[in-house]
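Residue numbers (numbering that gives the first Met the number 0), protein chains in the order written: chain E, 0 to 472; chain Z, 0 to 232.
Check before you lean on any hint, since a few could be wrong.
[What the hints assert, rightly or not] Example chain E residues on the side facing chain Z (calculated, C-beta under 8 Å, incomplete):
| id | residue |
| --- | --- |
| 1 | Gly-52 |
| 2 | Ser-56 |
| 3 | His-77 |
| 4 | Leu-81 |
| 5 | Leu-83 |
| 6 | Ala-157 |
| 7 | Val-159 |
| 8 | Gly-170 |
| 9 | Ala-174 |
| 10 | Glu-349 |
What the hints contain is simulated information worked out from the structure, not anything from laboratory work.
Ideal Cβ placement from N, Cα and C applies to all residues, glycine included.
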Amino acid sequence: MSAVETKIGKYSYRVEAKADQVADRPRRFLEAFAAVLDRSNYGLALDAYARLGAKCSRCASSCQLYTATEDTRDIPCHRSDLLLRLYRRYFTPAGQFKARLFGGFTLTDEYLDEMAEEYYRCTACRRCKATCPLGVDHGLITHLARWLLAEVGIVPKALVVAVREQLEGVGNTSAIPVAALKDTCEFLEEEFRDIYGVDVKFPIDVEGAEYVFFPAVSDYLLEPDTLMGNAAVMHVTGGSWTIGTGNYDGINYGLFYSDRMMERIVNQLVAEVRRLKGRKALIGECGHATRAAWFVPTFCGSDAPEVVSFLQYTAKALREGKIPLKGKVIEERVTYHDPCNIARAGRITEEPREILKAICTDYVEMTPNRTENLCCGGGGGSVSIDEIRPFRTQKMGKKKAEQIRATGAKIVAAPCANCKKQLREVCEDNGLDDVQIVGVHDLLLKAIDFGVEKDAGKAKDAPPGEKENKQEE
Amino acid sequence: METWLEWARGPMFRGALAFMILGLIRHVAITWFEIRRALRRAGDKSIPYSTIAKATLQWLFPVNRIRDRLVYSVTTVSFHVAIVIVPIFLAGHILLWERGTGLSWWAIPNHLADLLTLVALVTAVALVIERAAARDTRSLSRFGDYAIPLLVALPFASGFLVMHPEINPFPFDATMFVHVMSGNLIFILIPVTKLSHCALLPTTRLISEVAWHFPPRAGSEVALILGKENEPI
Chain E
0 MSAVETKIGK YSYRVEAKAD QVADRPRRFL EAFAAVLDRS NYGLALDAYA RLGAKCSRCA
60 SSCQLYTATE DTRDIPCHRS DLLLRLYRRY FTPAGQFKAR LFGGFTLTDE YLDEMAEEYY
120 RCTACRRCKA TCPLGVDHGL ITHLARWLLA EVGIVPKALV VAVREQLEGV GNTSAIPVAA
180 LKDTCEFLEE EFRDIYGVDV KFPIDVEGAE YVFFPAVSDY LLEPDTLMGN AAVMHVTGGS
240 WTIGTGNYDG INYGLFYSDR MMERIVNQLV AEVRRLKGRK ALIGECGHAT RAAWFVPTFC
300 GSDAPEVVSF LQYTAKALRE GKIPLKGKVI EERVTYHDPC NIARAGRITE EPREILKAIC
360 TDYVEMTPNR TENLCCGGGG GSVSIDEIRP FRTQKMGKKK AEQIRATGAK IVAAPCANCK
420 KQLREVCEDN GLDDVQIVGV HDLLLKAIDF GVEKDAGKAK DAPPGEKENK QEE
Chain Z
0 METWLEWARG PMFRGALAFM ILGLIRHVAI TWFEIRRALR RAGDKSIPYS TIAKATLQWL
60 FPVNRIRDRL VYSVTTVSFH VAIVIVPIFL AGHILLWERG TGLSWWAIPN HLADLLTLVA
120 LVTAVALVIE RAAARDTRSL SRFGDYAIPL LVALPFASGF LVMHPEINPF PFDATMFVHV
180 MSGNLIFILI PVTKLSHCAL LPTTRLISEV AWHFPPRAGS EVALILGKEN EPI
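Chain E extracted, bound-state conformation:
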């Protein structure tokens, strides 16, 4: 019986010959594991976690998945141990020594299947990190494990299809051609004229603009009010911005399954900012798109364009008095959902609240909120997988539904394309049909004072027939 020794950089691993049981997939998994450890900084974390894990299980009570399923395999520590066990066994001297002496478990196809199931049940919301006394970041382990699984071809189809379309297809995840993008922008400009009587532009391919705009591209199909709110803010603040026809998608599903893909998508975003000689990337209302764009300095160096979230831009402009408001025109009760990707590490929690409090008479908080928020239940890309909707909305999303119900709010502002889709489905499936899920800029749009006295402003509330007549006039 012979053993197979492989060495990549300083990481080597050895698969014993009883590894006639070791099929091709586990071998390729270990090869990818060694390559990733060698070229990334994940080894630092794995090494510490593998030595220290106290398994106190405090994370269990903060895990939305485990508290919903009560299945012990869903405890963050248990899930993380699936990968840490492999790390200890194949990549630490003690593990290798022990395996040579006593044998040791062998990575099998079944083990990989178990990992795939577990690491895609977790939404990588990272809520458990805050409750781990040792500071173990289980979200990091999920993120890494998903990358390794992707290298042996284990990825949900919905994620791969989107990334393929973005990197090898039309150039964006929703496969919207440039002509359709331009049509949409023209249509929205017309809407501004008809409804608000103002000439608001969606500038396209303007060279030298300060901001190049990257919303979740699905906003062009599904969230016209969010985009109009974005454009309205740029209009009243006199912001210099543009949409680039070379790349107009902020979505980066690489964040959910592969750093290799994430790197390519981030580079593509930066290339478009450079092509247009822009200075900053302005990311639309989208949690994961914003977090993925925060990796720009990682992949493109310190001279890479600055990344600004639209929420940050708007809150700053509001503070500086650059956004004229009609007052607190939103009278229905409004609450705010913190998207995990921007709120968990405390990076964007106050900006959306400043905006909402300036325009809502009845703003209430969900409990818990900010860095301790509950995930919408569709995080980590799982919202794209329609087949698991009952799991997403009834198991994972049940607590979110209860949380929304407890606020009594009829409007939930969620500045994230994925959260919005998931929350709409959560509300539908949990008897909250009268709750509207909107973006922060959708609400702000209603409150901005364009300084135009025009009857057209009433057109929005007019019956459809009447609205069409006005347009014809």
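Place chain Z on chain E using the hints.
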């Protein structure tokens, strides 16, 4: 027995203590070296040090965290407080240090040491019971997770009997031998088990942040190694 006791208190103690100190220094040195290496390789070197320091301190002194899972938190915090304070600040231990090295420091009163020792014993047993009783911890735990708190309790139990010969049913020298040897065993276990968190805990939150800071071309280089640079998605 006396010879054995002298050996346990002398060369064995010095060896175990040196093993622990050198082992922990090695852990800390390797960890700092690896953190610096990771930061050197990282494309984005901006680390939110103050946020990490705040979170680390919050968990080193978890006053605000006691409310979550109250029983477990009170048990574990009391356990840690007792096992850190008693061995270092017991008057008898300080006297030995003074005799051996000339160094001495402030001691806690013996009756407080007795109380804390009882706290350590009760909480060690409670930790094991809580671990076995709760479904989530039970499912995660292996032999070592139960054994370590009980092993840590052993020098406290024997130490209490040494301090109170009137209730000690065993010969003094034998009890003292068990006390010293179990203490030595803990010293040896500290660097090689999860007990090493006593030195590494202050670094884990920093590690969790730094690990997210990839080298700029990490993805493409992995693709090169795996021969996937031209592979369609």
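Tested hints:
no.: 1; hint: Gly-52; result: 7 Å, holds
no.: 2; hint: Ser-56; result: 4 Å, holds
no.: 3; hint: His-77; result: 6 Å, holds
no.: 4; hint: Leu-81; result: 12 Å, violated
no.: 5; hint: Leu-83; result: 12 Å, violated
no.: 6; hint: Ala-157; result: 13 Å, violated
no.: 7; hint: Val-159; result: 6 Å, holds
no.: 8; hint: Gly-170; result: 13 Å, violated
no.: 9; hint: Ala-174; result: 14 Å, violated
no.: 10; hint: Glu-349; result: 15 Å, violated
In this structure, the hints that do not hold are numbers 4, 5, 6, 8, 9 and 10, in rising order.
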